[in-house]
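> Chain by chain, the residues run as shown.
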Amino acid sequence: MTQIKQLILIAEDEESICSFISAILEANNFKVIKTAKGGEVVALTASHCPDLILLDLGLPDMDGVEVLKAIRAWTDTPVIVVSARVHEREKVEALDLGADDYITKPFGTGELLARIRTAMRHGRGNANETRGTMDTFAVGDLSIDYEKRRVFVAGKEVRLTPIEYKILVLLSTHVGKVLTHDFIIKKIWGPYTNEIQSLRVNMANIRRKLRENPAEPNYIVTEIGVGYRMVEEMESDGIRTV
Amino acid sequence: MTDVDRRPDPDVLLATLGKKEDRAKGELKIFFGYAAGVGKTYAMLDEAGELLKNGVDVLVGYVEPHTRPETMELMEGLPVLSPLSVSYKNIRLQEFDLASALERKPEVILVDELAHSNVEGVRNRKRYQDVEELLNAGIDVYTTVNVQHIESLNDVVRDITNVNVFETIPDYFFDHAEKIKLIDIEPDELLRRFEGGKVYRPERVATALHNFFTYENLCLLRELAVRKIADRISHENMNERGLTEKPAGIKMLVCVGPSPSSAKCIRWTARTAEAFRAPWVAVHVERMDDERLPEGERKSIRANLDLAERLGAEIATLNGDDIAAVVAEYVKLSGVTNIVVGKGRNKRTLKNFYEKDFEDRLIALLPNVEVHIIPGRLPGKTYRPPRRRYMGRDFFFSWWDFLKTVFLLTAATLLSTGFRAFGIGDHNIIMLYILSVLVVSRVTDGYFYGIVASIASVLAFNFFFTVPYFTFYTIQPGYPVTFVIMLVVALITSALTLRIKAQMRYAVERVHRVEVLYEINKKLLAARGIENIVSIANEYLVKIFNRSAVFYTLGSDGSLAGSFLKYPSEARASSLILDEERAVAHWVFTNQKHAGAGTDTLMGARGLYIPVVSQGKVLGVIGVSCVEGLLDQGGRLFLSAITSQVAMALERQLLSDEQRKMTISSEKEKMRSNLLRAISHDLRTPLTGIWGASSTILENDLDISTRNKLIAHIREESQWLIRMVENLLSVTRINEDATSVIKTCEAVEEVVAEAVGRIRKRFPGRKIAVKAPDELLMVPMDGTLVEQVLINLMENAVNHSSEDAKVEVKIYKNEGYAFFEVIDSGEGIPEEILPNLFESYIPDARRGADSSRGMGIGLTVCMTIVKAHRGKMEAFNKSEGHGAVFRFMLPLKERCDDADQTADPDR
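The listed protein sequences correspond, in order, to chains A and B.
Residue numbering for the first sequence is 72 to 313, as defined by my numbering.
Residue numbering for the second sequence is 626 to 1532, as defined by my numbering.
Be aware that one or more of the hints could be misleading.
List of simulated lysine-lysine pairs, DSBU-like, C-alpha gap at most 35 Å [what the hints assert, rightly or not]:
(1) B:Lys1438 x A:Lys257
(2) B:Lys1435 x A:Lys176
(3) B:Lys1392 x A:Lys227
(4) A:Lys227 x B:Lys1431
(5) B:Lys1396 x A:Lys237
(6) B:Lys1147 x B:Lys1126
(7) A:Lys176 x B:Lys1295
(8) B:Lys1438 x A:Lys237
(9) B:Lys730 x B:Lys1242
(10) A:Lys176 x B:Lys1293
(11) A:Lys227 x B:Lys1435
Everything labelled a hint here was simulated from the structure, so no lab data went into it.
Generate coordinates for the entire structure from the input sequences, incorporating the hints supplied.
Below, the structure written as structure tokens:
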């Protein structure tokens, strides 16, 4: 029985990049449809119902952000935005507008596939499901017991403050996905505050409590200017893939 | 008579071309006639009508209501500017509305009666000044004027017609008009018009006008007008033919005094100088006792000097008591060839009998100079110079002087007693007394003590030394004579003493002024920066004139920026910085002329404003407060001298500023081109590699392992290129002048974490140890840029050490800075490139084959980024063992809080 391949829509105007992404995806059992125009994305999404959209923010005819808004108006299809390295502003904006994740050019195969997998798993439709079905969470030496509200690292319990716990849980339920500062703040503290400083302090505390070298975090990764991400898989020698 | 040698001078031609092209100024067309009623306004309106038909934007600015209905008819159809209604002494008068005209800015404007004097309260005193402003604004002006209104012809006309014309226009204004149209009709015709009531309304005609409109007068006036035009034409012709040669060295000088005949001399000199095309000087000699001149006289002198200046003379004010000698000296120094003097008919008095006439003395002193004498005959009353009152001021009492007198007289008496005792004759005693009177006059102030001493001496002599002793009988008939002689001696000596003292005072004042100018000059030379120059100028102005001063300069946004210094004891001084005063300064700025109290423009202002001009550009405006009185002529001259010094200093400052800007921009250009060169060089190598590898694969049939090797090579090179591009992009995030960067507070550990993460991705398997402080360290920085620095440094470390060597990253806080260190244990940095490590523009020869990559651009970018954060960066080899240490530090701010985050950087 052939597995149903998942469909990915690539919206990218540069021929070479488009072709190598397709190559990767096809080699990894995905079906691919391509377009170079932002205006076609909505139509193609409607007609083909892809499982994921790779959206380049630098499309010539339409601003990537506009395309994103158009898509998000009626569907929750996971969207990963592709952007250049220095445009953090763009990335944050896209994420806040509903993109699920981002990836910066140039990227390697592993990174791309990992992001795609994560995005599909944590697609908006699925978020609550993930949370609901699981009682515990584990990655590497870290494990969280949601029911009992306890956190363990390598078997030893870690005492976290309520806020720290909330942050950790939030990150773990969206494991592998980047969460913007704004998103975290709004989820933890509410919509009308601006508590970036507290967020950082809390993050630093969490890291130290998880006995991480704060400059070499294993579990929670900082995306400068964007937000935080909890890693999904860890290699044995402590080097992350994500 | 076209002599080949007299071809038109190319420079002169160029100058005329330049004039024609200078259309920034409007053109003035004068409709010139010899009397009222010849038809000037008619001609002007007629031409305006033609222009309107041709579509030119014509506006009637102001036209006097005329009696000729034909003239008024022509006004219909032309757009008219409503006149300004000004009330003066309870009457409402109509005046030309200059401000509206300037706002409306037509192409051509008609302004009648050029010589009209404006009512008080209007901006300018004379209409020709209004016209000047219109011309400066680029508007063409048509106007009318009669021959009797021309300044230099004013007295000639008066002589002809016996009618005084007070409204005049200066000659330069007339001469510089671009077009002059002579409106001429036969005098018979004009008389007929006059009799017919077509020139003036019959009721308004006064007898004076009847005297004016006689046939002879009209003919003479007509001749004057036509001659003036003919002169102008010949002058123009001469210019165009390039035949202007100044007659060798004629220079004229006219002596100016308070009498009206001086004015006549001035006008005569102006006309003659114009005819000879010679420069001329108007000289006024200030005498010692001029300080005691009545105000009226001083005003006349000033008015005469102003007249001379208006007519084009150079003004010189000299000092001295002996006018002839002083003038002679000046003449010799300045090469004057002709002197003009006025001569009144003085009554022959006893005093004059013995004195040589002024002219005779001049001729005696200057045998080679021509002296022109202009009779000062005036119709009407003769001019009588007011009697100088010598009394009054020099009689005053002072205890000290009184004591001195008494002492000296007593001494003389005692000595005389001594003389008598020794049998020295009486005549010697008299001598002694005379001597004592002399000394008293010398050491005391004023005439009083001298006179008293002489009286007292005579009495004393009489009392003590004549028979009968100790009585006051004068027996000998010679004693009155002695008395008179003593008195005369006393008076002469006192007068001399007074004069010497006054002269000394004068000299001291003059020296003081020169010293002050010298001091100002020195200070201005040493001053750097416009604010310094302005404050020095203000300081000196206040000190010298004892008034508040204000200095306006052109701010960077084009508006006036004023700097005000108050004279401490002056009340109401701050009225100098009101908005109205500012407006006056603005006017001065735009029009490059004096304005304010004591001038012809905006005379109601509280201060006198002078433009600071250098090379035709206005650099600033100096204002001096006249709240407590106008500035006198000497003061104004002094102010001009100071202003020109300040102008030079300002210009020098502006030039040096510009030079510095140019130097900076050329430095930047050099840096940029260096960077480009380095980049291009560095780009070529990896690209060549990529191209080579890819074409090899395509063109050859290689085995898998070779192919993969080549492909891996391509990947490596591309990665290097990507990194370099990222570096370059980072540099563009920094502002133009690389001095500032948009900072937000970031957690150091997070930035380092991301950098380390990226390095690990690129170089998996390398050992990287990171040490960060235990407590959270927030540093204001641009996270991506600092991350770039760390990536660059770590990559260098990785590239220059072996596979299993450890790379350490340390972060710590120390004394207000956050320190970042990247330490490797590789080969270290060769000593010779250590000093130039962070520069990328080292000539290629010095860079080794391998050292070109990675070191050059990357480190330069690091340095640029760190510097833009106002941090410091350094590199050195480890003191023990192998390896290099790269360290940079970023300043910490006191409080790193949310305030920074809300200032959203567009990162």
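> With reference to the structure, classify each hint as holding or not holding.
For each hint, the structure was consulted:
1. B:Lys1438 x A:Lys257: holds (32 Å)
2. B:Lys1435 x A:Lys176: holds (29 Å)
3. B:Lys1392 x A:Lys227: Between Lys1392 (chain B) and Lys227 (chain A) the Cα gap is close to 28 Å, so the pair holds against 35 Å.
4. A:Lys227 x B:Lys1431: holds (31 Å)
5. B:Lys1396 x A:Lys237: holds (28 Å)
6. B:Lys1147 x B:Lys1126: With a Cα-Cα distance of about 31 Å, the restraint between Lys1147 (chain B) and Lys1126 (chain B) holds, given a limit of 35 Å.
7. A:Lys176 x B:Lys1295: holds (33 Å)
8. B:Lys1438 x A:Lys237: Roughly 31 Å separates the two Cα atoms, so the pair holds.
9. B:Lys730 x B:Lys1242: Distance of about 24 Å is within 35 Å: holds.
10. A:Lys176 x B:Lys1293: Within the cut-off at roughly 32 Å; holds.
11. A:Lys227 x B:Lys1435: Roughly 29 Å between the alpha carbons, so the hint for Lys227 (chain A) and Lys1435 (chain B) holds.
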